[in-house]
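Participant: Sequence:
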Amino acid sequence: MRENGSVPTESVPEEFFGTTAAQQGVWYGQLVDPDSPKYNIGECFEIRGDLDATLFAAAVDRALQLCDSFNLEFVTEGDDVLQRIVPHPADAPGRLRTVDMSHAADPAAEVERYMAEDMATADSLHRPRHHFALLRAGSRLHYWYVRFHHIAVDGLGGALFTLAVADLYGRAVRGEDLAEAQLPAAPLRALVDDETAYRDSGRYEADRAYWTGRFADLAAAASDASDASGGDAHSGRTLIRRRTDLPAPGSEGPGIRLHTGESLSASVFDDLRRLGSAHRTTWSAVLVAAVAAYTARVTATADVTVGLASNGRHGGLRHIVGMTANILPLRLTLTPDMTVGALVRDVADEMRAALRHRRFSREQLARELNMGDDAARLTGIVVNIMGYDYDRDFGGIQAPSRVLSVGPVDDVSLFVSERAEGKGPLIGFDARSDLYRPEDVRLHEQAVVSFVSALATADPGLPLRDLPLVDETAAPALRAQGHGTALPEQAVTTTLPEAFRAQARRTPDAPAVVDGAHTLSYRQLDRAADDLASALTGWGIAAEDGVAVLLGRSAAVPAATLAAVAAGA
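Letter 426 of the sequence shown, counting from 1, is numbered 1642 in my numbering, and no numbers are missing.
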């Protein structure tokens, strides 16, 4: 039997069992793009203190023995992906690589180079699908670098694993025998068995009914769409201006440009909590509300769909190191007259409803809506709120964490990493480097933090149009990116694109333009305008640029006009 191969049904041993829907999605995604490192998850811990490297290596090895997800072998049976656990022998060579960089001219730079090169590794799905290294940069300075493959763990799974290593190292320092140590979690197979039972339950059908009902209008629209826009599911425009110097296909791949992010101050974090509490919700809902309002302002659209990353687990399954990641599409409608409080309430309601149905995968929803495998079209920006402290305590040594990658990014993903008490969360973007320039992404990182701060401290009765988009120092650069950002801060109540889309929502199939025997519905005209607007911004059209339209009388004229206005020209 070949690992990573297709085998006849009768030759699959009984110890093989199914995979989660999330694992299967990663499997086929990697097979389609075998040379891409996009499914790598990376993290680094800065350990300043007297670390015992031998005990640390023993802690890593024991954690790997105890976590089924790092001891998997896969085969395919028809269209199904199966897995089995191949235990790591206790007497096998250690799996932590130790590298001494302390004698380098610039140890910190060597550490960064090592991690960057390894993060660019494309995994073949063969064992092992992870890499762990203890990088010595000084006598009392180490960096623990970890790289996981997304088929083994999601963000929660990775956090649970590093927490287990920290716990085991602490035990080793105290003189405990790690051979007797166990983890307080069910085996990996419990995740698969639970998901199998879910698919055969009435809960699955209820979740399916909720999501297909919530997005019923997109099912018909999908049949009219020829391709994905890469932007918001409704507006067709991207949050960040795309590169005009797009690389040749395959020259860079769908890589991820990593960013350090911007810290939200502890005082603003407190304001987020207070605003959430006042509306009987969480700070996470307030933050998602701010991201939705920012997206609506920058893209000049009232309809926004924000993807909310979710691990889809419940009860004791939350403690299993595994992979069940999902993205929940949140549909929101924002208007300039809407108040901050009303937006927070709407977002909180939408999030509560989505989380009640969080186990139904976005990929399955796309198939239900006739979108095939293009699930990314269901969401615009994805918000990944990592609501657990990533910093670790290694035997009394506090080690701050730095997230290097959270896995694949469809287009743009905003991550929010909660940190130790007294610190505000880290907010930043992961964006595809083949589509976006780092300086443009960095600009939006700073602008989002500024906007979140403004919304957190605003009066709940303040209309959204009166919220400052950014502070005055950043406004000119952001406006230069186009997408409607040239609108004055005191914008008129309804813009031309908003008025048109409102009509398109009310009467999507009504005739919008009649050109002889050819008729375009509002839905078709909206799609045509969105596609052209995306193309214009991709060509570098920005705020206040002139766009000449040279067309004879035809249905293309209103589409071109709407596109030029929507692009900010």
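Incorrect hints may have been included.
As the list claims (entries may be wrong) - Lysine to aspartate or glutamate pairs mimicking EDC-like chemistry, simulated, CA-CA at most 16 Å apart:
1) Lys1254 with Asp1605
2) Lys1639 with Asp1747
3) Lys1639 with Asp1605
4) Lys1254 with Asp1334
5) Lys1639 with Asp1589
6) Lys1254 with Asp1626
7) Lys1254 with Asp1322
8) Lys1639 with Asp1519
9) Lys1639 with Asp1486
Stated by the list, open to error - Each pair of labels, with its calculated beta carbon distance range:
10) Arg1405 with Pro1684: 47 to 57 Å
11) Phe1233 with Gly1354: 38 to 48 Å
12) Glu1333 with Val1763: 25 to 35 Å
Hint data in this document are derived by calculation from the structure and do not stem from the laboratory. It should be emphasised that the depicted structure is a prediction, and the values quoted were computed from it without experimental measurement. Heads up, the beta-carbon is just placed ideally off N, CA and C, and yes, glycines get one too.
Participant: Would you mind marking each hint as holding or not holding in the structure?
Facilitator: Consistency of the hints with the structure:
1. Lys1254 with Asp1605: violated (24 Å)
2. Lys1639 with Asp1747: violated (42 Å)
3. Lys1639 with Asp1605: OK: Lys1639 and Asp1605 at ~11 Å, within 16 Å.
4. Lys1254 with Asp1334: holds (12 Å)
5. Lys1639 with Asp1589: violated (40 Å)
6. Lys1254 with Asp1626: The hint holds at about 10 Å.
7. Lys1254 with Asp1322: violated (29 Å)
8. Lys1639 with Asp1519: Violated: Lys1639 and Asp1519 sit about 33 Å apart, past 16 Å.
9. Lys1639 with Asp1486: With a Cα-Cα distance of about 10 Å, the restraint between Lys1639 and Asp1486 holds, given a limit of 16 Å.
10. Arg1405 with Pro1684: 47 to 57 Å: holds (52 Å)
11. Phe1233 with Gly1354: 38 to 48 Å: holds (46 Å)
12. Glu1333 with Val1763: 25 to 35 Å: Distance hint for Glu1333, Val1763 is violated at roughly 43 Å.
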